[in-house]
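Participant: With chain A fixed as given, assemble chains B, C and D onto it according to the hints.
The listed protein sequences derive, respectively, from chains A, B, C and D.
The numbering of the first sequence is the working numbering, which starts it at 1 and goes up by one.
The numbering of the second sequence is the working numbering, which starts it at 1 and goes up by one.
The numbering of the third sequence is the working numbering, which starts it at 1 and goes up by one.
The numbering of the fourth sequence is the working numbering, which starts it at 1 and goes up by one.
Keep in mind that the hints were calculated from the coordinates and are not lab data.
One thing to keep in mind: the hints can contain errors.
No copy labels: a pair is met if it fits in one copy or bridges any two.
Cross-link-like lysine-lysine pairs, in silico, DSS-like; alpha carbons within 27 Å at most [claimed, not checked]:
| # | residue 1 | residue 2 |
| --- | --- | --- |
| 1 | 40 | 300 |
| 2 | 119 | 6 |
| 3 | 160 | 219 |
| 4 | 40 | 6 |
| 5 | 161 | 219 |
| 6 | 342 | 276 |
| 7 | 261 | 160 |
| 8 | 300 | 248 |
| 9 | 296 | 342 |
| 10 | 293 | 338 |
| 11 | 48 | 342 |
| 12 | 19 | 119 |
| 13 | 293 | 48 |
| 14 | 154 | 219 |
| 15 | 19 | 248 |
| 16 | 248 | 293 |
4 protein chains.
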Amino acid sequence: MIYSFKNDYSEGAHPNIMKALADTNTLQTVGYGEDEYCEKARELIRKKTSEKADVHFVVGGTQANLIVITTALRPYQAVISADSGHINTHETGAIEAGGHKVVAMPGENGKLTVQNIEKAVAEHTDEHMVQPKMVYISQPTEIGTLYSKEELIKIHECCKKHGLMLYIDGARLASALTSDINDVSLCDLAEYADAFTIGGTKCGAMFGEAIVIMSDRIKEDFRYMIKQRGAMLAKGRLLGIQFYELFKDDLYYEAGMQSNKTAMIIKSAFLNCGFKLLTDSHTNQQFPIIDNKTMKVLEKDYLFETWCATDDEHTAVRFVTSWATPTNAAENFADRLKEITKGE
Amino acid sequence: MIYSFKNDYSEGAHPNIMKALADTNTLQTVGYGEDEYCEKARELIRKKTSEKADVHFVVGGTQANLIVITTALRPYQAVISADSGHINTHETGAIEAGGHKVVAMPGENGKLTVQNIEKAVAEHTDEHMVQPKMVYISQPTEIGTLYSKEELIKIHECCKKHGLMLYIDGARLASALTSDINDVSLCDLAEYADAFTIGGTKCGAMFGEAIVIMSDRIKEDFRYMIKQRGAMLAKGRLLGIQFYELFKDDLYYEAGMQSNKTAMIIKSAFLNCGFKLLTDSHTNQQFPIIDNKTMKVLEKDYLFETWCATDDEHTAVRFVTSWATPTNAAENFADRLKEITKGE
Amino acid sequence: MIYSFKNDYSEGAHPNIMKALADTNTLQTVGYGEDEYCEKARELIRKKTSEKADVHFVVGGTQANLIVITTALRPYQAVISADSGHINTHETGAIEAGGHKVVAMPGENGKLTVQNIEKAVAEHTDEHMVQPKMVYISQPTEIGTLYSKEELIKIHECCKKHGLMLYIDGARLASALTSDINDVSLCDLAEYADAFTIGGTKCGAMFGEAIVIMSDRIKEDFRYMIKQRGAMLAKGRLLGIQFYELFKDDLYYEAGMQSNKTAMIIKSAFLNCGFKLLTDSHTNQQFPIIDNKTMKVLEKDYLFETWCATDDEHTAVRFVTSWATPTNAAENFADRLKEITKGE
Amino acid sequence: MIYSFKNDYSEGAHPNIMKALADTNTLQTVGYGEDEYCEKARELIRKKTSEKADVHFVVGGTQANLIVITTALRPYQAVISADSGHINTHETGAIEAGGHKVVAMPGENGKLTVQNIEKAVAEHTDEHMVQPKMVYISQPTEIGTLYSKEELIKIHECCKKHGLMLYIDGARLASALTSDINDVSLCDLAEYADAFTIGGTKCGAMFGEAIVIMSDRIKEDFRYMIKQRGAMLAKGRLLGIQFYELFKDDLYYEAGMQSNKTAMIIKSAFLNCGFKLLTDSHTNQQFPIIDNKTMKVLEKDYLFETWCATDDEHTAVRFVTSWATPTNAAENFADRLKEITKGE
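Isolated chain A (complex conformation) (with noise of 0.2 Å):
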């Protein structure tokens, strides 16, 4: 039987999650968002970020993304990414095709520096060029990074300085939270950003993004864009029943804490064994650096994905831990890792 770290959307719902939607499933509820459930995740979730924040929730990641950005931008401006983004990479040009370029510069550990925020601002002068209004940046990133708050402080400042939105998707936003070396609250991102997002699908939840909107350009009229863009849910509270119930106990910090544990047994396996990170990532994706032989050993047990080739013999992969990832699946994956390391 082949385990799969490929990703952390590979089952289906936390129990909790399950029970509370058998739970509510007979009760009829007005459509669009607009009933209690709802209602009582969004009080929730503004007690636990600021009470000025406007809070909407819909299915997926790059649907949050695509009506956050287009909610924010005039035509002609554009959005700053490192060129890992996934808005950049991963979305099928979803923001190019709402009308906005993506301004991509070069990451440092998949995040974008304050400099280059900075030359992106001086390389765009006048009208002949898109003008950069928004700064997109991941936490944890694309790599399993995270920003310090002292750097989100920094590309806040950045931001205010240059007039600039800043916007932290936060798809895996559980993970981060609840990461060893984690120093950013979700007070501080409604404190730092003009939106963020918090993830559910990957964290706990069925499916379904919150999105916290600290700022009044963005608040405007927000859930007509979430109307127009195909992303208002005619059941709304199975989003608002979901988020509840992340937020209600920490639950959300719970699926966090699990995904992270897993993935350092799976890092330390990983070093215990004398492999290489390609990444120190302290986050639930750990993207060791392996040879092809161990590689293709490994292949026959476990599901995970081939990153990037380092050279012409190792190859680093992506292992995805979540909330739904069993202890005994990480220690066993290192036992096995062992024996085959050992085997050699």
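Facilitator: Relative to the frame of chain A, chains B, C and D by itself:
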């Protein structure tokens, strides 16, 4: 306790769907609709429609409409719709946001006529105007009426004659397929349309629409469009599991029948009490015209939608039933209505 | 030799314009409208409209319309137009290609009424529909009629009341300004509109439209939009030179007067010969209704446009004059028409 | 008196063009490019390129680029460009506003390489990414360099191999065609490209670009796209008259030769005085690297553009010549430069 006839998405999912989702919850699958459940559901739907069909799943109806239409049309091409068509009135300009004009023509009983399609074509003569290239109809329509097979064939022939694609929005298709006056089958839709949807959200599923594509022009690279518009569900299996459940044992038809059965009870109740109907619907939406005094009384016990004033003292209202409407809820309503009107 | 009354862009530019272009041909200037000629023209137009106006020049009318409208509206907002409005019928869906629905309302004599603006607003109630945010009218309209100052003020007040911007397409404004029944001045346009255009192409210039903007919302970063839509002329001075010439000595009014004078000769000719008019136009477009036999005879000597059949034997046709129509061309036509109708 | 080498659109039109416009000024023609002058110009260009070409005229280069590219691509498809490509840097995101990502790859001397095209293709593997479908190059490039016939053929073959269309931006094509190192003819462009432009604005015309289309996919309904993007000139004949004049007696080549001749005088002047060049351009743009002291002195008598600092004391600047640059203006500059550098 107020009972809602406001819409057909007031509850969650059919118990069979809930069970199927629970049963598969901890299984691991690959993402984005490439799992075995989606594949099985696609095969099943192909069997019931056409072996030549491409089948895709998305979460919502506006999503389905905007993706199909923006995939089918070149930038200067337009879609012809009845003025009451959902894409023209209730999707916040999603089609226009995708770059295309909706050429709205007067409908007859909510239905687009061959005559008006011909008129729209005749009025668009050259490159100073948009080029109509697709016809959009809904089965059932937004006011519950149905195209007969004969009408459908005539529209199909008109489309062929003028090089137009035909797209059918089946958001409430279960109700259409099981209506006592219906003679249009799933196979007919596949034969006469270039693409159509099989609505899940309003027909027993927790959420989801199946898009069935017959035309090569629309088939090509369709998954790119799904992804770009933010509609590719990470846990795509959720859609496959539901549609497999809906079609493996005719649950879809069961759902439609229950919605129609309860709608007919309500329709009879209004007719028996001497009320007129705005339109003679044989599906799950009923539009009785009631005096405003009766409306006030009914509003104490029931939720329903105000459709339009027909004169100073009368209002057409909308009652909607679904797979989730218990027969006795409809019967209780019929009794209550008799009481009220006798009491007057 | 056939004479064309087909449109008001059959010839090149007014001789004064040609001379101005020739006189400045070898001078060097900076590009993109930042030269001294454009600056002088902008100042002149500000003097004749409002000191608070921003003035920009583009080559064509569809360009002007699409840039103003896409600058003014957020993605979910719509523009209300008479169904006969140029943006609704003859711009190949340019506004929709820019992402916005044109909410088309029936016009009266080609004019949008306050009643229909109110109706459009009332019909768009929530986020499931587009949000009307701008009103588009043409002065003169597409069928040559004019808004009186009183009508303009009422529309302006209706717009203020509902938070709508007012945009006036002045493609044939010279003819409006000099019409015998006109009481709307350039200053009135600046006072009551949020933006309007002063058409050059059909009013003496070789090409070019001046966009006059009063609203801060539309003013902001407008040059970015001009550039992005491909409308920033490298040799921008060509526009400045022409508009300076048109307004420095009232050439614009002269052009309008000649077009109206010759149009009135043609109008009288039709009336004197017993023909009716589709609409009572006091500007440079005339729409006589003629029997098809007379039409055939006229077509031997004249080019004009077929507008619409009014019955099986009669057709409304369009005769257009311009600054370039010699008085005797109109007089000769009048003589010829008399001959033909007497001959019958 | 300051002389400008700032760009190649500082003056109006070549005297022959001015004469042709004046001579035809009062003639009546039909509009929108359907007149006899446009037809003659199209025939002439077909003779000089390919009998299978479709030829259209628009006013400006950004217009041409955005219309060709948005016509060619389906919504999820992208265009590959050198990072220095005009569409990537100086068109205010016009391509993205049309919905398409520009996949920017590092250029070599301003030129896109086969290797980088292959890399871009290889990096875009599935529907989570845009689909590259077109390659954009400029001849000459934005920094004056030229693709040789061999390079062009290799790019063409690479495009065929990967199902990519090839589009060549010829905004300064006259200078390319007449460069001393050029071996690419108009016929070659027609043979190896799917579409290309013949720039008029910078090559003798008052304004205008000819779009030459070889690919059926781009040919289809192209006039609809021209109109929708606001690029269909009412007095279309203005474009036909100019392009007929440019090609009937090789005026286009004359214009190119004069620009190159004067550019070579300036190039030699810098080389003779010991300056280096940023790039070895054999066309009408020259990029000498000068010390900042010399720059300051030159700025007293000449306008030219600052390109980029090469170190703290040196700056690459851009000198541009055109058909309108008198030979003695270039010679005077050479003399002046000698004076200045001797004086040091």
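Participant: Since the copies are identical, ignore which copy is meant and state whether residue 261 and residue 160 lie within 27 Å (CA to CA) inside a copy, between copies, both or neither.
Facilitator: neither (36 Å within a copy, 50 Å between copies)
Participant: Between residue 161 and residue 219, at a C-alpha cutoff of 27 Å, which is it: within one copy, between copies, both, or neither?
Facilitator: both (22 Å within a copy, 23 Å between copies)
Participant: Evaluate residue 248 and residue 293 at a C-alpha cut-off of 27 Å and name the case that applies: within, between, both or neither.
Facilitator: Cα proximity of residue 248 and residue 293: none, with 47 Å in one copy and 44 Å across.
Participant: Have a look at residue 293 and residue 338 and pick one of within, between, both or neither, based on CA distance no larger than 27 Å.
Facilitator: This pair counts as within: shortest intra-copy Cα distance 14 Å, inter-copy 67 Å.
Participant: Using 27 Å as the alpha-carbon threshold, which applies to residue 342 and residue 276: within, between, both, or neither?
Facilitator: within (17 Å within a copy, 61 Å between copies)
Participant: Checking residue 160 and residue 219: alpha-carbon separation at most 27 Å within a copy, between copies, both or neither?
Facilitator: Answer is both; intra-copy 18 Å and inter-copy 23 Å each pass.
Participant: First find the shortest C-alpha distance between residue 293 and residue 48 inside one copy, then the shortest across copies, and answer within, between, both or neither for a cut-off of 27 Å.
Facilitator: neither (48 Å within a copy, 47 Å between copies)
Participant: Is it within, between, both or neither when you check residue 154 against residue 219 at 27 Å Cα-Cα?
Facilitator: For residue 154 and residue 219, the Cα distance is within 27 Å only inside one copy (24 Å; across copies 32 Å).
Participant: Cα distance capped at 27 Å. Does residue 40 pair with residue 6 within a copy, between copies, both, or neither?
Facilitator: Answer is between; shortest inter-copy Cα gap is 22 Å, intra-copy 34 Å.
Participant: Is it within, between, both or neither when you check residue 119 against residue 6 at 27 Å Cα-Cα?
Facilitator: between (36 Å within a copy, 25 Å between copies)
Participant: When Cα atoms must be at most 27 Å apart, do residue 19 and residue 119 count as within-copy, between-copy, both, or neither?
Facilitator: Cα proximity of residue 19 and residue 119: none, with 50 Å in one copy and 47 Å across.
Participant: Under a CA distance limit of 27 Å, which applies to residue 296 and residue 342: within one copy, between copies, both, or neither?
Facilitator: within (15 Å within a copy, 70 Å between copies)
The earlier numbered hints that this structure contradicts are 7, 8, 11, 12, 13, 16.
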